[in-house]
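**Q** Sequence:
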Amino acid sequence: MENKIRRKKLTLSILGNSQVGKTNLIGRYLGNIFQEDSLNTIGNERYTNEIEIDGEKFILKIYDTSGQERFRSTSIMVIKQSKIILLVYDVTNRKSFEELNYWVKTVEDNRNDNCIIGIVGNKIDLCEKIEVSEEEGIEFAKKNNFQFASTSAKSNIYNFNYLINNLIDEYFRKYPKEKEFISLEIQKEKKKKRKTCCQGEIYFPFGERFKARVLPWYIPMFEIREKKEKENSLI
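Start counting the sequence shown at 1; every next residue gets the next number (my numbering).
One thing to keep in mind: the hints can contain errors.
Below, in silico cross-link-like pairs of lysine-lysine (DSS-like), each with a Cα-Cα straight-line distance of 27 Å or less [what the hints assert, rightly or not]:
{"#": "1", "residue 1": "K129", "residue 2": "K154"}
{"#": "2", "residue 1": "K105", "residue 2": "K61"}
{"#": "3", "residue 1": "K143", "residue 2": "K80"}
Derived CB-CB ranges, DEER-like [claimed, not checked]:
{"#": "4", "residue 1": "E98", "residue 2": "G55", "range": "42 to 50 Å"}
{"#": "5", "residue 1": "K80", "residue 2": "K143", "range": "21 to 29 Å"}
{"#": "6", "residue 1": "I59", "residue 2": "I138", "range": "25 to 33 Å"}
{"#": "7", "residue 1": "Q19", "residue 2": "S133", "range": "18 to 26 Å"}
{"#": "8", "residue 1": "K80", "residue 2": "S155", "range": "32 to 40 Å"}
These aren't lab readings, by the way, just hints derived from the structure by calculation.
Note that beta-carbon positions come from the ideal geometry of N, C-alpha and C, so glycine has one too.
Full structure from sequences and hints, please.
**A** Rendered as structure tokens:
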């Protein structure tokens with residue numbers, strides 16, 4: 001019997017103020033892409049990536065959330081289903097760092113029980129504009145018992161990738177039962193065996209089935225019409 005490909009979804013959400021670089025961090029992680037003039041995220045954008053952990057396949061769902069105040073309420077739904085949450089701030093914008101307190105409270109109020117949180121300081125390539133030191137970021141993370149990384153999406157510094165991998169490892173160390181995988185192949189087989197309302201009937205396109213049920217005389221007429229079409233095609 002062939003080995004089943006087992007996958008389970010793991011949800012990761014990235015939150016923080018607008019313009020801190022969340023979308024570009026995701027772009028670097030997924031496809032080494034950076035856009036200098038990326039547009040503001042409206043609502044929540046979802047991306048997927050296949051990852052392998054201890055020889056098992058996982059689908060990592062990544063939510064890119066809007067940092068604009070008018071869309072912040074939409075983040076609550078995403079937080080509730082997330083296993084891993086990253087809070088991002090811009091090291092050249094102190095306000096984005098100070099508002100981490102807001103994001104931490106929002107996460108704590110809405111997170112599920114099994115959740116890991118990390119802090120990311122982005123744009124460290126802009127050395128002359130830095131307003132938040134790395135020490136401050138580390139201190140904030142330690143205070144809240146979160147993992148921390150400073151990075152630059154523009155300069156393609158890979159600390160962000162390492163942080164994601166470390167958070168995934170920490171998540172499975174804390175919640176080992178989450179490694180009880182679901183076999184997609186088995187699910188597909190079960191779906192095939194399920195009975196449908198049309199099982200045992202002669203198949204007609206939807207419109208034909210509907211007419212046949214409402215108008216009992218329609219089936220024989222359909223068969224006569226089909227027979228005539230075949231005869232005409234032979235002439």
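**Q** Regarding Q19 and S133, is the given constraint of 18 to 26 Å on their beta-carbon distance met?
**A** holds, 20 Å
**Q** Mind checking the hinted window 42 to 50 Å against the Cβ distance between E98 and G55?
**A** Holds - the Cβ-Cβ distance for E98 and G55, about 43 Å, lies within 42 to 50 Å.
**Q** Under the criterion that the straight-line Cα-Cα distance not exceed 27 Å, is the pair K143, K80 satisfied?
**A** Holds, because 23 Å separates the two Cα atoms, which is no more than 27 Å.
**Q** Quick one: are I59 and I138 within 25 to 33 Å, going by C-beta?
**A** With Cβ atoms ~32 Å apart, the hint holds.
**Q** Verify the CB-CB distance for K80 and K143 against the hinted window 21 to 29 Å.
**A** The hinted range 21 to 29 Å holds for K80 and K143, with Cβ atoms some 24 Å apart.
**Q** Between the alpha carbons of K129 and K154, is the straight-line distance 27 Å or under?
**A** Between K129 and K154 the Cα gap is close to 15 Å, so the pair holds against 27 Å.
**Q** Range first: 32 to 40 Å. Now tell me if the beta carbons of K80 and S155 are that far apart.
**A** The hinted range 32 to 40 Å holds for K80 and S155, with Cβ atoms some 34 Å apart.
**Q** For a C-alpha distance cap of 27 Å, please report whether K105 and K61 respect it.
**A** holds, 23 Å
Of the hints listed earlier, there is not a single one the structure fails to meet.
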